[in-house]
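Residue numbers (my numbering), protein chains in the order written: chain P, 1 to 179; chain A, 1 to 179; chain L, 1 to 179; chain G, 1 to 179.
There may be inaccurate statements among the hints.
Here are some chain P residues pointing at chain G (derived, C-beta under 7 Å) [what the hints assert, rightly or not]:
| hint | residue |
| --- | --- |
| 1 | V37 |
| 2 | G38 |
| 3 | D40 |
| 4 | L78 |
| 5 | R79 |
| 6 | N83 |
| 7 | M88 |
| 8 | L90 |
| 9 | V93 |
| 10 | S96 |
| 11 | P97 |
| 12 | M152 |
| 13 | P179 |
No wet-lab data here; the hints were simulated from the structure.
For each residue, glycine too, the CB sits at the ideal point set by N, CA and C.
There are 4 protein chains.
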Amino acid sequence: MSRTALDYGDAWFEPDEFDEVRRRLPIAYVNAVPVRVGPDGQLEKVGLLLRSMDDGSLGRELVSGRIRYHETVRSALLRHVENDLGPMALPQVPVSPQPFTVAEYFPTRGATALHDPRQHAIALCYILPVGGECTPRQDALSLDWLSPAEAMSDGIREEMRHGQDRVLAQALAHLGELP
Amino acid sequence: MSRTALDYGDAWFEPDEFDEVRRRLPIAYVNAVPVRVGPDGQLEKVGLLLRSMDDGSLGRELVSGRIRYHETVRSALLRHVENDLGPMALPQVPVSPQPFTVAEYFPTRGATALHDPRQHAIALCYILPVGGECTPRQDALSLDWLSPAEAMSDGIREEMRHGQDRVLAQALAHLGELP
Amino acid sequence: MSRTALDYGDAWFEPDEFDEVRRRLPIAYVNAVPVRVGPDGQLEKVGLLLRSMDDGSLGRELVSGRIRYHETVRSALLRHVENDLGPMALPQVPVSPQPFTVAEYFPTRGATALHDPRQHAIALCYILPVGGECTPRQDALSLDWLSPAEAMSDGIREEMRHGQDRVLAQALAHLGELP
Amino acid sequence: MSRTALDYGDAWFEPDEFDEVRRRLPIAYVNAVPVRVGPDGQLEKVGLLLRSMDDGSLGRELVSGRIRYHETVRSALLRHVENDLGPMALPQVPVSPQPFTVAEYFPTRGATALHDPRQHAIALCYILPVGGECTPRQDALSLDWLSPAEAMSDGIREEMRHGQDRVLAQALAHLGELP
C-alpha cells in the first residue's frame with residue numbers, strides 16, 4: 001500500500017494535492033495475493049513482499065496499488081504486479097472481474113481490522129497465480145514464498161502491515177487452503 | 001448514477017471542486033439490483049428506477065451512488081437504497097462483501113459498454129432483496145417491478161442508461177434467472 | 001452429516017441399499033452456516049448444532065444434508081434448515097446458486113481435511129441468515145449462537161465434527177469476519 | 001453430458017446398474033467453459049464442442065462429465081478436459097473451488113431450463129482458460145472457438161444441448177463479457 005499515482009509519473013496530481021484529496025475521498029485499490037500452484041491447480045505457496053516501510057521498520061505486504069483514472073481494474077493489476085514482481089513474473093490475470101473479497105482500509109486506527117493511516121482505501125482483492133520468475137523491485141527487499149501454514153504462523157502474521165494478514169487468511173479460505 | 005456526495009449535504013467538496021476531482025480520480029460506487037424473492041428465495045421481480053435524466057429525457061437506472069469518505073460499503077448501500085427506495089423498503093443488505101461483479105464506467109463514450117460522462121466510476125455490484133414498500137424519492141418518478149423476461153426485453157434494455165442493462169443481465173445470470 | 005434420504009421416508013432406497021450405493025458414488029450435499037445479522041447486514045453470531053453422534057459422543061455440526069433426486073438445491077436447503085432448526089427459523093434462502101465454497105468430504109481418514117466415514121460427499125456451502133426462533137429437532141440437543149471469536153476458539157473447533165471447523169472458518173472469511 | 005463412469009472403465013457399476021441408480025439419486029457433475037484469453041486476461045474466444053448425439057443429430061456442448069467416487073472436483077475437471085480437449089490443451093485449473101454457478105439438470109423436460117433425460121445432474125460450473133492445442137477426442141467432431149457475440153447468436157444457442165446455452169450465457173456474464 002506504499003505507492004500512489006505519484007510514484008509512477010502520473011501528472012494528474014501534485015503530491016500535496018493528492019495527499020489532500022485522499023483525506024476526503026475513498027481511493028480505489030487492487031490487492032493481489034501471488035500464488036504458486038501445481039499442475040492440477042492446487043495451491044503450493046503464497047508470495048509475500050518484504051518491504052522497508054515509511055517508518056524505517058520492515059514489514060510484509062500483499063501486491064497492492066491504486067487504480068488510476070481511466071485505467072481498467074485488469075490493467076491496474078498488471079501494472080502493480082509488474083512493479084512489485086518484475087516483468088518476468090508471468091501472472092495469470094483473473095478472467096472474471098468478481099473479486100474474492102473487498103477489503104476496506106480506514107485511516108482511523110482501531111475502527112476496523114484493516115488500517116492505512118494515509119487514506120480510506122477500498123481494495124478489490126484477487127488471487128494471482130504467477131508462473132515465472134519474480135524479481136521484486138522498488139522498495140521491496142524480497143518476495144518470500146511460504147506454505148499456507150507458514151503464512152498463517154503467528155510470526156508472519158505479526159509482520160504483515162495494515163492488517164493484511166486478514167486479507168491473506170481470506171484468500172487462503174477462498175482457495176480452500178486455510179490451515 | 002445521478003448523485004454525488006453533494007446531493008446529500010456532504011461538506012467535503014464544493015460542487016466545482018468535486019467535478020474537478022472526478023475528472024482525475026476513479027470514484028468508488030455501489031450498484032444495487034433490487035429484487036423481490038419468493039419464500040424459497042426464488043427470484044420473482046427486479047426493480048428498476050424510472051428517472052428524469054439531466055438532459056430532460058426519461059431513463060431507467062439501478063440503485064446507485066458514491067461511497068463516501070470513511071463510509072463502509074454496507075453503509076453506502078443502505079444509504080443509497082433508502083434514498084432511492086424510501087425508508088420502508090426493508091432491504092436485506094448482503095452479508096458478504098463479495099460483489100457479484102465490478103462494473104467499470106468510463107467517461108469516454110464507446111471505450112467500454114458502461115458509460116458515465118461525468119466520471120470514471122468503479123461500482124461494486126450487489127443483489128438486494130427488498131421485503132417492504134418502496135416509495136421512490138428524489139428525482140425518481142417510479143420504481144417498476146418487472147419479471148426477468150420483461151427486464152431483458154429490447155424496450156426496457158434501451159431505456160436503461162449508462163449501459164446498465166448489461167449489469168442487470170449479469171445480475172440475472174448470477175441468480176440463474178437470465179432468460 | 002448424520003442423515004440420509006431414509007430419515008425422511010424417502011422410498012427410493014432401502015437402508016442397506018443406500019449404504020451400498022454411497023460407497024460407490026459421490027453424494028450431493030448442502031451445508032448451511034446459520035447466522036444472525038444486524039439490521040445493516042453485519043454478522044453478529046453463527047449457529048452451531050450440538051448433536052449426539054452415532055458413537056455416543058457429543059459433537060458440533062453445521063446444518064447439513066443430502067440433496068434428493070429431483071429436488072432443487074434451494075428446496076434441499078429449506079428442508080434441512082427446517083429439519084434442523086424447526087419451522088419458525090425464518091431463513092433467508094440464498095438468491096444466487098453460487099455457493100461460497102464446495103466442501104469435499106472423503107471417507108478415508110487423513111486423505112483430506114474433511115472426513116465422513118460413510119461416504120464421499122460433495123457439499124455446496126451457503127451462508128443462511130435466520131431471523132426467527134430456532135428450535136432444534138431430531139437428534140440435535142441445542143443450537144448455540146456464538147460470536148466469530150468464540151466459534152473460532154480452540155475448544156469449539158475441537159468439538160466440530162468432520163473437519164467442519166474449516167468450512168466454518170471459510171464461511172467467516174467469506175463474510176469478512178474471520179478473527 | 002454424454003459420458004458416465006462406464007465410458008472410462010470404472011468397474012464400480014454395470015451399465016444397467018448405473019442407469020438404475022441415476023434414476024434415483026442426483027449425480028454430481030462438473031461443467032467447464034473452455035476459453036482463450038489475451039495476455040491481460042481479457043476473454044477472446046469460448047470453445048464449444050460439436051458432437052454427434054445419441055439420437056444421431058449434431059449438437060453443441062460444454063466440457064462436462066461425472067465426478068467419480070473418491071475423485072476431487074479438480075481431478076474430475078482435469079480428466080474431463082483431457083478427455084474432451086486432448087492431452088495438449090494446457091488448461092488452467094481453477095485455484096478456488098468456488099464455481100461461478102451450479103447448474104441443475106432435471107430429467108423431466110420443461111421442469112427447468114436445463115434438461116438431461118438420463119438423470120438429475122448437479123453440475124459445478126467453472127471457467128477454464130486453455131493455452132495449448134485442443135484436439136477433441138471420443139465422439140466430439142470438433143471444438144469451435146467463437147467470439148462472445150457468435151456464441152450468443154441465435155443459431156449457436158439453438159445448437160446447444162441440455163439448455164447449456166444458458167450456462168454459457170452465465171459464464172459470459174460472470175466474465176463481464178455477455179454481449
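Hints numbered earlier in the text: which of these fail when held up against the supplied structure? 2, 5, 6, 7, 8, 12 and 13
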